[in-house]
Amino acid sequence: MTETAYDEMLAPDGTVRPAYDGYRQWLDAQPPGLLKRKGIEAEAFFRRTGITFNVYGAADAEERLIPFDPVPRIITASQWRKLSRGIEQRVRALNAFLHDLYHRQEIVRAGRLPARLLQGNLAYLPQMAGFTPPGGVYTHIVGIDLVRTGEDDFMVLEDNARTPSGVSYMLENRETMMAMFPELFTRVRVREVSDYPRRLARSLAACAPAAFTGDKPTVAVLTPGIYNSAYFEHAFLADQMGAELVEGSDLKVQGGRVAMRTTQGWQPVDVIYRRVDDDYLDPLSFNADSVLGVAGIMDVYRAGGITIANAPGTGISDDKAIYSFMPEIVEFYTGEKPILPNVPTWRCSEADALAYVLDNLADLVVKEVHGSGGYGMLIGPTSSKKEIAAFSAKLRADPANYIAQPTLSLSTVPIFTRAGLAPRHVDLRPFVLVSPQGIDITPGGLTRVALKKGSLVVNSSQGGGTKDSWVLDD
Amino acid sequence: MRLAIEHATTYRFSGPIRQGQQRLRLTPVSSAGQSVIAWDIACEGAQIEVGYDDEYTNRVTLVGLTPGTPAVTIRAHGVVETRDESGVTGRHAGYLPLWHFSRDTALTARGTKVAALVGGLENGAARDPLATLHTLTERVRAAVVYAQGHTDVATTAEAALTAGRGVCQDQAHVFIAGARALGIPARYVSGYMLIDGREQQDAGHGWAEGFVDGLGWIGFDVANAICPDDRYVRVACGRDYRDAAPVKSMTYVLPAPTGSAPVGDTLVTTLVVQRLTPA
Chain A
1 MTETAYDEML
11 APDGTVRPAY
21 DGYRQWLDAQ
31 PPGLLKRKGI
41 EAEAFFRRTG
51 ITFNVYGAAD
61 AEERLIPFDP
71 VPRIITASQW
81 RKLSRGIEQR
91 VRALNAFLHD
101 LYHRQEIVRA
111 GRLPARLLQG
121 NLAYLPQMAG
131 FTPPGGVYTH
141 IVGIDLVRTG
151 EDDFMVLEDN
161 ARTPSGVSYM
171 LENRETMMAM
181 FPELFTRVRV
191 REVSDYPRRL
201 ARSLAACAPA
211 AFTGDKPTVA
221 VLTPGIYNSA
231 YFEHAFLADQ
241 MGAELVEGSD
251 LKVQGGRVAM
261 RTTQGWQPVD
271 VIYRRVDDDY
281 LDPLSFNADS
291 VLGVAGIMDV
301 YRAGGITIAN
311 APGTGISDDK
321 AIYSFMPEIV
331 EFYTGEKPIL
341 PNVPTWRCSE
351 ADALAYVLDN
361 LADLVVKEVH
371 GSGGYGMLIG
381 PTSSKKEIAA
391 FSAKLRADPA
401 NYIAQPTLSL
411 STVPIFTRAG
421 LAPRHVDLRP
431 FVLVSPQGID
441 ITPGGLTRVA
451 LKKGSLVVNS
461 SQGGGTKDSW
471 VLDD
Chain B
1 MRLAIEHATT
11 YRFSGPIRQG
21 QQRLRLTPVS
31 SAGQSVIAWD
41 IACEGAQIEV
51 GYDDEYTNRV
61 TLVGLTPGTP
71 AVTIRAHGVV
81 ETRDESGVTG
91 RHAGYLPLWH
101 FSRDTALTAR
111 GTKVAALVGG
121 LENGAARDPL
131 ATLHTLTERV
141 RAAVVYAQGH
151 TDVATTAEAA
161 LTAGRGVCQD
171 QAHVFIAGAR
181 ALGIPARYVS
191 GYMLIDGREQ
201 QDAGHGWAEG
211 FVDGLGWIGF
221 DVANAICPDD
231 RYVRVACGRD
241 YRDAAPVKSM
251 TYVLPAPTGS
261 APVGDTLVTT
271 LVVQRLTPA
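In the order they appear, the protein sequences are chains A and B.
If you're matching positions, the first sequence starts at 1 in my numbering and goes up one per residue.
If you're matching positions, the second sequence starts at 1 in my numbering and goes up one per residue.
Quick caveat, the hints were computed from the structure, so don't treat them as lab data.
Hints are all accurate, no fakes.
Covered stretches of chain A, going by a simulated chain B footprint (3 or more residues, C-beta under 8 Å):
1) 95-104
2) 128-141
3) 251-257
4) 286-300
Treat the numbers as computed from the prediction; the structure is a model and nothing was measured.
We put the CB at the ideal spot given by N, CA and C, even for glycine.
Isolated chain A (complex conformation) (with noise of 0.2 Å):
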């Protein structure tokens, strides 16, 4: 694989690519060993600022930092443009796609996706059917994670409108490569990214429910605690957007609202941004044993007394099955042709592209419908025989629960290594917002790098990496 994929800095003929040029010209004049000294000191920077994350299962490193690779990924601003009119697209079908499901369903009526999805799918949440959450925003932040195979060739990977991760790494890799290079963002003019929590609570504010009046919605955001492995990100961002840090137990309804507890007794919460899964959400509606949720919010909400945010149940369309109709979804709601494509997909659940699938393991990635995080799939050319047999029985066990894709030569960007710089596999997780004033994608995401030569998972808690992502302004 890694000999063919399309490198994002060099050439074949070993010429840098446009997008690199200004970096390149910086890297070539600087003193050897600095990367070096610099990467040490990116370690350090990290250790300070405290961002970790923890690892499910590895009770050996509970909390682990993510490694940060000081060699920027850089998108020119043509490519940028075509990427969020995509990506823009997308999203726009993705609101467009939820409130159908949640209400008449057309898509399914119109034949266009087989009510077998939703069938069963716990994901699909019954109490959203009939509502309309406040300004007919269900995905107020998205994270569209999109991989690059050639020059003009992006698709997207996965939607993470569920509850997206990582936006901290953005905005602390970018903060660290400031601190560390402060002359080379003078001579490359690279587009802002800082103001993504500004932008955030912006975006949160403009989704206000009814029942608010006053100048200025509160927002708050729900965390299920310090052993979340995203609590830091939690905390970060309630600091950066000037709102609570709010669990369960300080919330409660009150006067046909949802209130916390403040050092002034307890006041309205109008937008929560929860981190906390829809199962946990509300003890009288989902898991009763739930202590991380607030007993009666799914009542008000549904009264119009406070924005949710993502909407309960928008998970549905992070489902990899349902992925495998994204074409079809944006086409049905926008009229248009997509802009992105999907990586293609065999769903298990048809008899010949199981057959296709089963004959074919060896070159393939197979995934859980409902997974994430890397977990619970197979990567065929990197599996011996012995894996490919035992991911097979659990396949044909249930084929229904499992999509593939061809094992796709992803694009590579340098990392710095002891030997050098040396290409490695990324992709790129864009950060979008949305509320009825529009659609606000953030220039650049997080760049997730597979650190091992060769491997083609990025994913942090499988060993990947994460870089400062770069939108070069015009």
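Since the structure of chain A is provided, determine the placement of chain B on it from the hints.
This is chain B only, laid out in the frame that chain A set:
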């Protein structure tokens, strides 16, 4: 028929309430067989927080319990004009597709007992679903004999079939599981019923509805072996009792003083359903 209903529920808690909510589905709405003339919910020891229509278009009221209160009383009362529609509630409304009512829930999960109950009805269900649902009513009535004290609100359809006894709620759950096993969408209905010669009742009533193409939703009251008529008032519906439950609570009680005898929560229900005669 004009019915006056007075339904009071009093919960006494094991100690003073620290915090608590009750989600009430205690408000009937006007539909094919009924017009709500007047209705009100009054609370003691609690206040109304919000009201809204849920995913089944049931009217829901959330009340917050007053901190420190040892008890709460919810009084739902009003007048409903009913018509005999031979059990037909009408076409499917709301935004949940019919398939939603064909899927198992925890209380109505189908096992071997349900499969045995509907054995031999498969062909009839496809040919004449209405007649099949009547047959199913008879079978359920024989398989789960009406008797109090053998089941509770958490009893599943399979468990009720094993026990062979149960109340209206169990019979409805078995009917629903059986109908779904036959490919007929079914749902649970909670409500009230006028009982001749007995104004004072212990509890509200529950029955089932099955969906038949061309007719829509049709009620089947297994306990009384009839389709609901103008003695019935529909209040709420859902896939099973849990969706339609008149009261769902989440309460946190302050710890009892040390040395005091432990007491559990108690619940007292009074229900009066009367026929109003035109003056």
